[in-house]
Amino acid sequence: MNGMEEERTFTVGEVNRLADNLLQGLVVWVEGEVANLRSYPNYTFFSLSDEDASLSCIAFRESVQGMEFELSEGLSVLARGRLGVYVRRGQFRLNVLEAQESGEGKLRREFMLLMRKLSKEGLFDEAVKKALPVYPEIVGLITSLEGAAVRDVVTNLTRRFACSRLVVRGVRVQGEDAVGDIVAAIGLFNRAFPVDVLILARGGGSLEDLQPFNSEEVVRAIRFSSIPVATGVGHEPDMTLSDLAADFRASTPTGAAEAVVPCSPEVLTLLREREVSLASGLRRRLHRMERDLGSLGGRRPFSDPAYIVNQAAQSLAEGEARLSSAIRLSLQGMKQGVEAASLSLARYPREYRELPHRIEMAARKLRSTAISWLRWREREPGLRGRDVRAAALSVFTREDGRLRMASSRLDALSPLAVLARGYAIATRAGDTRPLTDSAAVEKGEAVDVRLHRGELHCEIREVVIRDGEEGREGRG
Amino acid sequence: MGEMTFKEMMQRLDEITSTLEKEDLELEEGLHLFEEGVGLIREARKRLNTASSKVEKLIGSMEEGLETVEFELEAAGETEE
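Residue numbers (the working numbering), protein chains in the order written: chain U, 1 to 476; chain H, 1 to 81.
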């Protein structure tokens with residue numbers, strides 16, 4: 001060791017160069033936290049440190065530009081560089097060729113990058129999210145069978161709403177296989193075991209523990225699941241990309257269980273409300289009908305049924321009164337006519353005298369017709385008094401007309417009228433039958449001759465029989 | 001009615017309630033709906049109060065066939081959280 005080197009004196013620069021040469025441009029990977037960061041246009045100085053030591057670093061512009069992150073104090077960095085000595089200062093340092101974030105920082109960075117990318121694709125859009133069913137029949141749960149998450153979900157879900165069936169699919173939730181397990185489970189439920197809603201749950205953990213839930217594959221599986229997915233991953237401050245993609249995000253497994261099924265007491269309250277509104281709906285309907293009935297009942301015919309009868313009775317009475325006065329008047333007129341006729345006929349042959357009787361009979365018949373018609377009218381209250389009156393009047397006018405015609409015919413036939421024209425009626429003395437044949441009397445017989453005014457008592461002087469066949473002749 | 005799921009019962013109940021509230025029905029039809037609604041409420045209450053949750057575990061794979069077995073909560077430890 002003490003050989004020739006001791007005999008040779010080196011300059012400082014030579015020593016430093018020697019040291020640099022001895023390192024032989026060794027390239028290493030080193031991880032540490034960035035400190036003492038000083039940036040210049042062409043190079044950046046900093047040190048990487050951990051609990052034990054500190055290492056000076058230099059990064060030239062090209063290297064800095066190649067980094068996908070910005071160097072900052074306290075950042076965990078994994079750097080690759082060439083070890084060497086800066087001759088002018090004799091400083092041992094790492095010439096950083098490339099660097100990347102390490103640890104949590106790296107994960108966070110990847111998280112942000114992926115989030116930006118998937119967000120641009122629209123995977124987190126609120127508009128594409130599906131609504132959770134209100135009363136799921138079957139709930140699918142994807143979680144670790146060993147964790148607290150499964151207990152939280154099972155306990156809360158069954159306690160809240162016993163009408164749902166819960167089907168658990170066990171998966172690994174951390175480590176290399178977690179992503180594959182979760183993606184497969186989501187696919188399994190979608191393709192082979194349809195449920196109404198899925199819960200993806202996991203207890204809290206570090207960012208690294210939650211890594212599967214931040215993977216692109218799981219995010220896509222959630223988004224493209226046709227079954228709505230609710231996530232319950234970790235505790236409040238943690239937000240995973242799965243949460244962003246899920247149709248509903250709860251911060252804990254318990255929260256997810258609560259979101260997915262209704263709460264029985266709340267459903268019971270809702271049922272009570274429905275019961276009340278059913279009853280009130282029916283009551284309202286009944287009230288409306290009652291009101292309608294009331295307003296109908298308030299109308300006179302319903303509130304006072306006698307009104308209808310009274311109305312009919314009144315018009316009937318009116319009709320009756322008019323009818324009877326009309327009948328009375330007509331009958332009176334007829335009676336007068338008949339009386340006059342029968343007076344004038346009293347002394348004439350029976351056929352004439354029968355006429356008044358026939359007229360009387362006709363009048364009776366008319367009266368009874370009128371009465372029975374009136375009775376029929378009573379049974380048919382549909383007719384109004386006015387109609388009755390009109391009908392009655394027309395009947396009586398017609399009958400009156402007939403009567404007048406009969407009277408004038410009677411007048412024409414009356415022997416009195418004939419006598420007035422100069423004719424005379426001859427009868428045997430004491431007989432009322434007019435003589436119509438000279439053969440009925442003998443010469444010398446007494447004959448009465450009735451003139452228009454007064455009578456003659458005669459004696460037959462000669463009988464002349466004027467008959468085509470017999471040719472008998474007599475003279476009075 | 002026993003065939004209806006809880007969801008179907010609640011949907012039908014909603015329908016009945018809004019029909020009774022809005023539409024001008026014959027009294028008889030209204031009474032029918034009312035009776036149906038009351039029956040649904042009774043059945044839903046019964047289910048809520050008497051049903052006991054069924055928790056199952058889905059095992060197997062799509063290739064080899066799937067089946068569900070009863071899931072015992074006690075099997076779940078508290079190794080995490």
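These are calculated hints, taken from the structure and not from any lab test. Among the hints, a few may not be true.
To be verified - Cross-link-like lysine-lysine pairs, in silico, BS3-like; alpha carbons within 27 angstroms at most: (1) K7/H / K130/U; (2) K130/U / K46/H; (3) K106/U / K130/U; (4) K54/H / K365/U; (5) K130/U / K117/U.
Hints, one by one, checked against the model:
Of the supplied pair hints, the one linking K7/H and K130/U holds, its CA atoms being roughly 17 angstroms apart against a limit of 27 angstroms. Taking the CA atoms of K130/U and K46/H, the gap is about 30 angstroms. The hint is violated against a cut of 27 angstroms. Annotation: proposed proximity of K106/U to K130/U is violated, straight-line Cα distance about 33 angstroms (limit 27 angstroms). Taking the CA atoms of K54/H and K365/U, the gap is about 100 angstroms. The hint is violated against a cut of 27 angstroms.
Taking the CA atoms of K130/U and K117/U, the gap is about 22 angstroms. The hint holds against a cut of 27 angstroms.
Of the numbered hints listed earlier, those contradicted by the structure are 2, 3, 4.
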